[in-house]
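Chemist: Here my numbering is used: the first residue of the sequence shown is 283, the next is one more, and so on.
Be aware that one or more of the hints could be misleading.
Okay, derived cross-link-like pairs now, DSS-like style, lysine-lysine, Cα gap no bigger than 27 Å in a straight line [unchecked claim]:
| hint | residue 1 | residue 2 |
| --- | --- | --- |
| 1 | K331 | K306 |
| 2 | K331 | K289 |
| 3 | K344 | K303 |
| 4 | K297 | K344 |
| 5 | K344 | K306 |
Listed next, with one range per pair, are the computed distances between beta-carbon atoms [unchecked claim]:
| hint | residue 1 | residue 2 | range |
| --- | --- | --- | --- |
| 6 | A363 | K331 | 18 to 28 Å |
| 7 | V315 | S420 | 26 to 36 Å |
| 8 | R433 | A360 | 32 to 42 Å |
Keep in mind the hints are simulated off the structure, nothing from the lab.
Cβ atoms here follow ideal geometry from the backbone N, Cα and C, with glycine treated the same way.
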Amino acid sequence: MPAADPKTKFSFTEKLIRDWKVPKAGRVRLKDVGGAESLPGLLCYVTPKAKGFYFRTNANGKPVELRLGTWPSLTVEAARAMVKGTRGMKGVAADPVAAAQARRSIREESTLAELWAWFVRHHLPTLRASTRRRYEDSWRLHLMPGLGSKR
């Protein structure tokens, strides 16, 4: 199948994934649908460098794509088994929603005020006095009131 083919929704097989043309630039998203063994949410991204399997789900009402692995080290059957939960996922929790929440909690740990405190400790002393004053004034007057508590 050519990479320009608009039909990117089909039941995954090893032959179809192997024979899918690699794009010269960008990426193509393939969806596993339509067959008896197909699973909703199983995706394969084809890029010039690799073909990778992902599982798309929702966590807290937001779509999340969890990376399962790259083809050919991860076969279509193994990717389906990972999504079904019949095999343990290496590096990804068996519950994809829990894995997405764990990843999101890491991102959501620091507030902008905490980042500012780090900036004041590590970077601000290296700047000229006039630049330091300008940064501190901008933080105090504009950023802290509206964005300081944002994660």
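Chemist: Look at each hint and say if it fits the structure.
Modeler: Quick rundown of the hints versus the structure:
no., hint, result
1, K331 x K306, "9 Å, holds"
2, K331 x K289, "21 Å, holds"
3, K344 x K303, "31 Å, violated"
4, K297 x K344, "33 Å, violated"
5, K344 x K306, "31 Å, violated"
6, A363 x K331: 18 to 28 Å, "25 Å, holds"
7, V315 x S420: 26 to 36 Å, "50 Å, violated"
8, R433 x A360: 32 to 42 Å, "36 Å, holds"
Hint compliance for this structure: hints 3, 4, 5 and 7 are broken, all remaining hints hold.
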